[in-house]
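**Q** Take these sequences, add in the hints, and give me the full structure.
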Amino acid sequence: MTRYALLHHYGGVYADGDFESLKPFDDLVHMDLFLSFEPLVHSVLLEGATSPVLCNAILASIPGHPFWLEVLDNILATFDGSNHQDPVSLTGPRMVQHTMTNHDQAGANLNQYGIVLLDEEYFYPEVAYWNMDNLRRKCTQNQSQSVQQACAWLSEFPNGRYTNNTHAVHHWQCTWCRGDDTASYVSLQDIFPNQDIRRP
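Take the position in the sequence shown, starting the count at 1, then add 1255; the result is the number in my numbering.
Derived by calculation from the structure, the hints in this document are not laboratory data. Take the hints with a grain of salt, since some may be wrong.
Below, a list of computed lysine to any residue pairs in the SDA-like style, where the Cα atoms sit at most 25 Å apart [what the hints assert, rightly or not]: (1) K1393 / Q1404; (2) K1393 / P1413; (3) K1278 / K1393; (4) K1393 / E1302; (5) K1278 / Y1377; (6) K1393 / P1307; (7) K1278 / P1413; (8) K1393 / Q1428; (9) K1393 / C1406.
Across the chosen pairs, the derived CB separations fall in these ranges [what the hints assert, rightly or not]: (10) G1369 / N1420: 18 to 24 Å; (11) H1264 / D1374: 26 to 32 Å; (12) H1264 / A1407: 42 to 48 Å; (13) F1280 / N1364: 35 to 41 Å; (14) A1304 / S1337: 37 to 43 Å; (15) A1260 / E1411: 38 to 44 Å; (16) D1281 / T1395: 42 to 48 Å.
All values derive from a computational prediction rather than experimental measurement. C-beta atoms are modelled at their ideal positions from N, C-alpha and C, and glycine is treated no differently.
**A** What follows is the structure, encoded as structure tokens:
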């Protein structure tokens, strides 16, 4: 949630710590807000989708962009008060995708809101290599056309697909999602005081 609140308040670029910048973002800074799709391979093999899914590992906007308030409002509406909700669905890329889908269904013109959705080649030329066994298993379990196309991509681009548009690469470390028993976690209730925080 913090990334959305900070982008709304300050604007700028948010990037996960496992991003590697490859070239300046000078040709992107004119955009009011940009998001990018994660690799279609992930969308198909991990999410069961047939089209690209947005990712929240790198985000950028001008200060005060209303899209971030929509994301935060959707998180608030979805949060059930427990600490057992899936973070990918509650505050992660699925929530960003859900908010954008609602935005589209409401008839909002992305150009009118200055929202640009960039192809995966800009920031996600690689897949989560630590998860390759799972990706390959999906290739053997499902013979649908979309799955087999995704699997062909994995074979064709074993080291990722970089283009002239690739500005940075996400290395998909996912240290929080690999089931590391040595990691310790703290509840947000332990960090923040028990008070009502209202958006502007």
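**Q** For each hint, tell me whether it holds in the structure or not.
**A** Evaluated hints:
1. For the suggested pair K1393 and Q1404, the alpha carbons sit about 12 Å apart, so the restraint of at most 25 Å is met.
2. A C-alpha spacing of about 16 Å is found between K1393 and P1413, which places the hinted pair at or below 25 Å, so the restraint holds.
3. Proposed proximity of K1278 and K1393 is contradicted: the alpha carbons are some 34 Å apart, above 25 Å.
4. Note on K1393 and E1302: the hinted pairing holds, with a Cα-Cα distance of about 11 Å set against a maximum of 25 Å.
5. Taking the CA atoms of K1278 and Y1377, the gap is about 11 Å. The hint holds against a cut of 25 Å.
6. With a C-alpha separation of about 17 Å, the suggested pairing of K1393 with P1307 holds against the 25 Å cut-off.
7. Among the hinted pairs, K1278 with P1413 is consistent with the structure: their alpha-carbon atoms are about 22 Å apart, no more than 25 Å.
8. A hinted pair counts as satisfied when its Cα atoms are at most 25 Å apart, and K1393 with Q1428 qualifies at roughly 20 Å.
9. A threshold of 25 Å between alpha carbons decides the hint, and for K1393 with C1406 the separation of about 9 Å falls inside it, so the pair holds.
10. Remark: the range hint 18 to 24 Å for G1369 to N1420 is upheld by a beta-carbon distance near 20 Å.
11. In this structure the hint that H1264 and D1374 lie 26 to 32 Å apart at CB holds, the actual value being about 28 Å.
12. A beta carbon spacing of about 43 Å between H1264 and A1407 agrees with the range 42 to 48 Å that was offered as a hint.
13. A hinted range of 35 to 41 Å is violated for the C-beta pair F1280 and N1364, which are about 24 Å apart.
14. Under the hint 37 to 43 Å, the C-beta atoms of A1304 and S1337, about 27 Å apart, miss the expected range.
15. As the Cβ distance of A1260 to E1411 is approximately 40 Å, the hint placing it in 38 to 44 Å holds.
16. Our hint of 42 to 48 Å for D1281 and T1395 holds, since their Cβ atoms are close to 44 Å apart.
Hints 3, 13, 14 from the earlier list are contradicted by this structure; the remaining hints agree with it.
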